[in-house]
Every structure is written in C-alpha cells, then in structure tokens.
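**Q** Letter by letter, the chains look like this.
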Amino acid sequence: MRTPDAVWITGVGAGTPLGWDYQTIADHLLAGKSGIRKVESFDVSQHPSQIAGILDPIPRPPSQAPEAFAKKPRLLQLGLWCCEQALRDAGLWESRSKSRIGLILGIATEWGWQWEDDAWNRGHEPFCDPAIDSPPLLHTLQQELQLSGPVLTMSAACASGNFAMALGRRWLELGWVDVVLAGGCDTAVTPMTLASFGNLRALSRRNDQPQQASRPFDKGRDGFVLSEGGAVFVLERAREARQRKARVYGELAGCGLSSDAYHPVIPAPDPTQVIVAIRSALRDAQLDPAAIDYVNAHGTGTPVGDAAEAKALREVFGESAMQVPVSSTKSMTGHLLTAAASLEALACLATFERSAIPPTINLDDPDPECRLCHVPHQAREQPVRVAMSNSFGFGGSNSCAIFRAV
Amino acid sequence: MLATAINGSQRDDRAGNSTLVAAVWKSVAITEMTRLRAQVAAAYPNTLSAGTLKQVDEQNLTALLALKEALDASAMTADQCSAWGLVAVPRMLGRRRISDALVKFRDGGAWSASPHTIPNCSLHSASGLFSQALQLHGPNLGVGGMPGAEGDGLIAAVTLLTGERLPGIWIVFTGWELESLKDESVRCQVAVLGLRTGVISSHLPRFCFAPNQTADAAPTFSLESLGESIRQQRCARWRIGGALCAISYGQAEREAA
Numbered sequence: 001m002r003t004p005d006a007v008w009i010t011g012v013g014a015g016t017p018l019g020w021d022y023q024t025i026a027d028h029l030l031a032g033k034s035g036i037r038k039v040e041s042f043d044v045s046q047h048p049s050q051i052a053g054i055l056d057p058i059p060r061p062p063s064q065a066p067e068a069f070a071k072k073p074r075l076l077q078l079g080l081w082c083c084e085q086a087l088r089d090a091g092l093w094e095s096r097s098k099s100r101i102g103l104i105l106g107i108a109t110e111w112g113w114q115w116e117d118d119a120w121n122r123g124h125e126p127f128c129d130p131a132i133d134s135p136p137l138l139h140t141l142q143q144e145l146q147l148s149g150p151v152l153t154m155s156a157a158c159a160s161g162n163f164a165m166a167l168g169r170r171w172l173e174l175g176w177v178d179v180v181l182a183g184g185c186d187t188a189v190t191p192m193t194l195a196s197f198g199n200l201r202a203l204s205r206r207n208d209q210p211q212q213a214s215r216p217f218d219k220g221r222d223g224f225v226l227s228e229g230g231a232v233f234v235l236e237r238a239r240e241a242r243q244r245k246a247r248v249y250g251e252l253a254g255c256g257l258s259s260d261a262y263h264p265v266i267p268a269p270d271p272t273q274v275i276v277a278i279r280s281a282l283r284d285a286q287l288d289p290a291a292i293d294y295v296n297a298h299g300t301g302t303p304v305g306d307a308a309e310a311k312a313l314r315e316v317f318g319e320s321a322m323q324v325p326v327s328s329t330k331s332m333t334g335h336l337l338t339a340a341a342s343l344e345a346l347a348c349l350a351t352f353e354r355s356a357i358p359p360t361i362n363l364d365d366p367d368p369e370c371r372l373c374h375v376p377h378q379a380r381e382q383p384v385r386v387a388m389s390n391s392f393g394f395g396g397s398n399s400c401a402i403f404r405a406v
Numbered sequence: 001m002l003a004t005a006i007n008g009s010q011r012d013d014r015a016g017n018s019t020l021v022a023a024v025w026k027s028v029a030i031t032e033m034t035r036l037r038a039q040v041a042a043a044y045p046n047t048l049s050a051g052t053l054k055q056v057d058e059q060n061l062t063a064l065l066a067l068k069e070a071l072d073a074s075a076m077t078a079d080q081c082s083a084w085g086l087v088a089v090p091r092m093l094g095r096r097r098i099s100d101a102l103v104k105f106r107d108g109g110a111w112s113a114s115p116h117t118i119p120n121c122s123l124h125s126a127s128g129l130f131s132q133a134l135q136l137h138g139p140n141l142g143v144g145g146m147p148g149a150e151g152d153g154l155i156a157a158v159t160l161l162t163g164e165r166l167p168g169i170w171i172v173f174t175g176w177e178l179e180s181l182k183d184e185s186v187r188c189q190v191a192v193l194g195l196r197t198g199v200i201s202s203h204l205p206r207f208c209f210a211p212n213q214t215a216d217a218a219p220t221f222s223l224e225s226l227g228e229s230i231r232q233q234r235c236a237r238w239r240i241g242g243a244l245c246a247i248s249y250g251q252a253e254r255e256a257a
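Same order as they appear, the protein sequences are chains H and Y.
Heads up, the first sequence is in this note's numbering, so the first residue is 1 and it goes up one at a time.
Heads up, the second sequence is in this note's numbering, so the first residue is 1 and it goes up one at a time.
These are calculated hints, taken from the structure and not from any lab test.
Using N, Cα and C, we set each Cβ at its ideal position, and we do this for glycine too.
You may find that some hints are simply not true.
Stated by the list, open to error - Incomplete in silico selection of chain H near chain Y, CB under 8 Å:
id, residue
1, Gln46
2, Asp117
3, Pro130
4, Ile132
5, Val304
6, Ser320
7, Met322
8, Val324
9, Pro368
10, Glu369
As the list claims (entries may be wrong) - Listed below are several chain H residues computed to face chain Y (Cβ distance under 8 Å; list not exhaustive):
id, residue
11, Trp115
12, Gln146
13, Met154
14, Leu174
15, Phe197
16, Ser258
17, His263
18, Ala268
19, Pro269
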C-alpha cells in the first residue's frame, strides 16, 4: 500500500574525510578534492595498503557534554554527530519530542569495532570478553537523542545506505513514524580491518600516491581505498514538510533492491541482478531511463566490479548510455563501506542545488570495458533534475536509489 | 531493539497477515561443528563451494542446515522462492574467531590478518551467504547483530514484504545460548521462519503483525522465546516496541489468539 505522498529529504548530517557538513562536503566534491592520505594514526608499515580516507577527531555535537563525549567510542560519536546535525539542519531538533522519529542506520559490525577498540585503545584482555559487551549502539543513540520512534540496525554491506532509505521511506508510507533518520556510519579504518581488506587484495596498493590511488573506471585501477565516515538524512512526508515550510534537498523518488546470489565477496560478472535493481528503482519512481540526468556510480575501482556496472548501465540506458553523465565520487572519498551509499546520496542532492556534476578524479585512461559518459577530473556545470545512485555490496546486495529535485 | 512505539495509523494486510510456510528450530553443540560442516556441504552441493563453507562461521553453519530443513518443510523448491527476500538476525557473530584474529594480529602483524574474517563475521555476511545458498534474488540484509535486537528482524522483514512487494521472505535468527570465549558446552541456536505474503490456506500456520498495539502487555520478542514457540508448536504473541506480532499454528489457536 503506497500513499500518494512523496517522501522528501529535509535534513543532512555528515562526517567524512571531506568535511563535517553538507556544504563543505559538496564544495570539495565539486572541486575534485581528494580526502585520501597516508594512514598515520597507527603503524601501517607491514600493511599491504597504507592509505585511507581518515576522519579527523569527531566534532562534539552541541547537546553533548565535552568530557562524556570524549569517552565515547568513535562509532557512537560519529552517529551522534550525524544524527543531531541532521535534525538541527531540518529544524526538528528542538521539537523532536513531539514527533515519532525513527532511526535506521547501516552499521556492518558494531561489535567488531568495539572489540578492536577494546583491544588496541583500552588494553582490555582477553579480547572480545563477553563481560564488557556494550548495549546495541542504536539503543544508546536513541536514548541520547531522545527519539521516540522505532530504530533498526541493518547492513547490506556497501549498499546499506540505500537500503536504509528504502526501509525508512516505507515506514513513512505505512504511517509508523512522522520522521525517519536514515543513513550509514562506518569507522572501518582500524589496524585489523585495513589489514584484512588488504590481504583480501581488495585495496589499492598505490601507497606512494594516496590521492591518485582511487581510480574508478581507469585502466590503472588496482582496488578500492578504504575510508570511513557517516551520512544521515531526515526523511519526511512531503505534506508535513510543506506544512512546516522545511528546506527540501530533494525527493527520494524510487528504490530498487536485489541479490546476486553469486559469491560472498565477488560481484557477479553477469550484471543481471544489478540491472534488475536499477530497473526496479526506475519503475518505483515511475520514470524512464531517459529522465535520468546523472548517475553516481558505485564505481569502487576494482577491476571486476567497475566493468560489470558499466555493462549494466549500458544495458539499461541503451543508445543513450554515452549521453548520461556518470561519475564515481569514491575517486575522492574512498570507499566508506556501509556509509558509502549515504555519502553518494549527498553527492546526488548537491547536483540539484549546485547545478553541477562532481567528477571522477584520476580517470586518466578510461578502461574500454567501462565506456560510459564519464565526467573526468573536473565538475561539469549542468542542471540536474533526476539523479540515480548505484550501490552494491558484499553478499551480493544490489541497490539503486533515484532522487528528484523538488 | 524497538524500544518505543510503532503506532501505525494505517495497516497493510500484506504484512499484517502472512502465511507461515515453515518454522524450524535447531540447537547444535559447538563440539558438533565439524560433523555439521560435512552435512551442510551435502545439503548445498551446487550453490556453496567447499572453499566458501570452510570459512563459514558456526552460527551461519547451523543456520544453513536449519534453512534447508525449512525449505523442505515449506514444500517449495528453491526455484519457487527465487524472488524471495531474506533477513538474517545474528547475535555477536564470530566472537572466538575475532578474538583469535586479534591475538594473531598483535603477535604476527598485518600479514597475519585473515582475509576471511570480514566476509564471514559482518552483519551482512549471514544474509549474503544464505541468499547464495538458496539462490534468492530478492533483497538480503543483516539486521540487529546484538543481543536484544532480534525484534528488529521482524520489523525489517515486514517492511521489506510490503515495500518491495516480495512474494515471501525468510527470516533467520541465530545466536549462542551463552556468550562465552571458552565454554565448550555451549550450543548454537537457530530459528528460521518462512513468511509468504497473504493467507493462502486457513489450515496453515499464520504470522500476524499489528503496528498499533502499544497497550498490549505481551512479552518482548527474543530468539529463545521464538524457539520455545516453534518447539512446542504453541501460539505466541510478542511485543516489539509498540507493535505486536503473533504466530499461530492452528485454527483453534488463531481464534483464541
């Protein structure tokens, strides 16, 4: 049962290697700035990949007491920063107790980050001791933010942000909530995670050229660059947003989800299920492919994944594939894993406001297997009315979200 | 984890009343895992390779066997549910494995970090594995991950059933009966529910979800209480925040519920 009312995005909270608010991040994305650097917060001399998108110390949200905030785990700090900022940005912070505000966050392994934090930063042994397990992060977030709606921790790996938005939109349609905070947060740049992904041979090893390492669709790509951060959006029904004269970033017009059922970590070389997800999103948004003005690609910089996505886009767009601008902002941000799709949603919303498309930096020599209408090196000035964002993840999760300017 | 109210002003009958095509409970001792791995390999000869199964976490391994039993109990073939979705609701996946990995990393450095830890111990690793095993092409996602968050799985499943217009969804709950690093007597517990949209027969068990029942005093949902209901084939009602969900196995029970 779908209500006729659209779902609008009326607030953004974010913390990324490119900045700590929507405007700064949008500025840097459109300037083609890289957030990748050499990891210096721990010893990486033995790591195969020694570069990442790293968060600076997480700013304290205004509602948090300094000493208490400083003692919290980074993932909780990040969640608090993103959620409070999103609610303040939407103008809902002071009135939050009057609405049923739900919370859906993509978080891949909160217990894993906790165990690693306990081991390296708090010196606790034995490692992973059940005696010091923390309560679920979203319980804590809900209490600290004083939210009264349902909360949901979920992960569809790197597609999580789009899944969170799809679920949040449904909660609004069902009338379960008045407002939803939906997004993803990840603090994956840890010693063991960087080593594990590195040993999986998933990461770029261009350690001497951090800012040139993330090279989606380029012939010289050699894996993705690990990154961390978060982005959370306020979703609400258009009727209510209109009534309270909210600032509107855009409409969440459609979502499509599917599974490869192929391999735990390798994307299916046959992009059938990616195409299913994209077409499902278009159908959900009641749009033809011709309506799409911009595609924010998943584009991680892995040899198999980029080629499969390009093939899927050519199939969906047909003859017009070489006219629809495509870019991968991971070239600048690195791969934020469970938060990646959310940051890329932010990039799509920025195209509406700025009438410009962020580039794929480092795309010096496009791979013929990835032929598309790329936007290399520099932003392209162009009005955008409808933007598509693809995100695919480990476990074969495929997702596509479509945003429309309001 | 739904600590507060879901007060729905609208109700979607597709989600509100589904047919429970399978409900399976399984409990396996940690000492039986080697034998179990061979059984699982035999259950999925065409969809899961030996290399994949070798790395699978104990919770997921037990769940794979329960999922096969659930598929058999549903009287469907895997092909018939290829458009279904799947929600996996593990609890603290990979504690022992990650503990060992941290020790190895501390002692051996970066090259000692196994590339298999992340793909097998993340929240989404269970759902991805199960969707591969059954060749499901509907959405798959991991939910919760922590003790006390099992109810999230039902909320996510109901949301997907309605929002994605799925014909059905598998929900796989897993966890250890006791969180322990060393105890060799602990058992891994799994509950699998297969929900098919709508009521397809008045004789089949049913799953009901009502989002606007804040005043109800039903117990909070948990893996253990679901297991008890499945084992005894007894109607049960749970509170998930402000929502209410119920399982009923027979006509008389449904009327009583």
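**Q** It remains to establish, for every hint, whether it holds in the given structure.
**A** Status of each hint after checking the structure:
{"no.": "1", "hint": "Gln46", "in the structure": "holds (4 Å)"}
{"no.": "2", "hint": "Asp117", "in the structure": "violated (11 Å)"}
{"no.": "3", "hint": "Pro130", "in the structure": "holds (4 Å)"}
{"no.": "4", "hint": "Ile132", "in the structure": "violated (11 Å)"}
{"no.": "5", "hint": "Val304", "in the structure": "violated (15 Å)"}
{"no.": "6", "hint": "Ser320", "in the structure": "violated (27 Å)"}
{"no.": "7", "hint": "Met322", "in the structure": "violated (29 Å)"}
{"no.": "8", "hint": "Val324", "in the structure": "violated (25 Å)"}
{"no.": "9", "hint": "Pro368", "in the structure": "violated (30 Å)"}
{"no.": "10", "hint": "Glu369", "in the structure": "violated (25 Å)"}
{"no.": "11", "hint": "Trp115", "in the structure": "holds (6 Å)"}
{"no.": "12", "hint": "Gln146", "in the structure": "violated (10 Å)"}
{"no.": "13", "hint": "Met154", "in the structure": "holds (5 Å)"}
{"no.": "14", "hint": "Leu174", "in the structure": "holds (6 Å)"}
{"no.": "15", "hint": "Phe197", "in the structure": "holds (7 Å)"}
{"no.": "16", "hint": "Ser258", "in the structure": "holds (6 Å)"}
{"no.": "17", "hint": "His263", "in the structure": "holds (7 Å)"}
{"no.": "18", "hint": "Ala268", "in the structure": "violated (10 Å)"}
{"no.": "19", "hint": "Pro269", "in the structure": "violated (15 Å)"}
Going through the hint list in order, the structure does not satisfy hints 2, 4, 5, 6, 7, 8, 9, 10, 12, 18 and 19.
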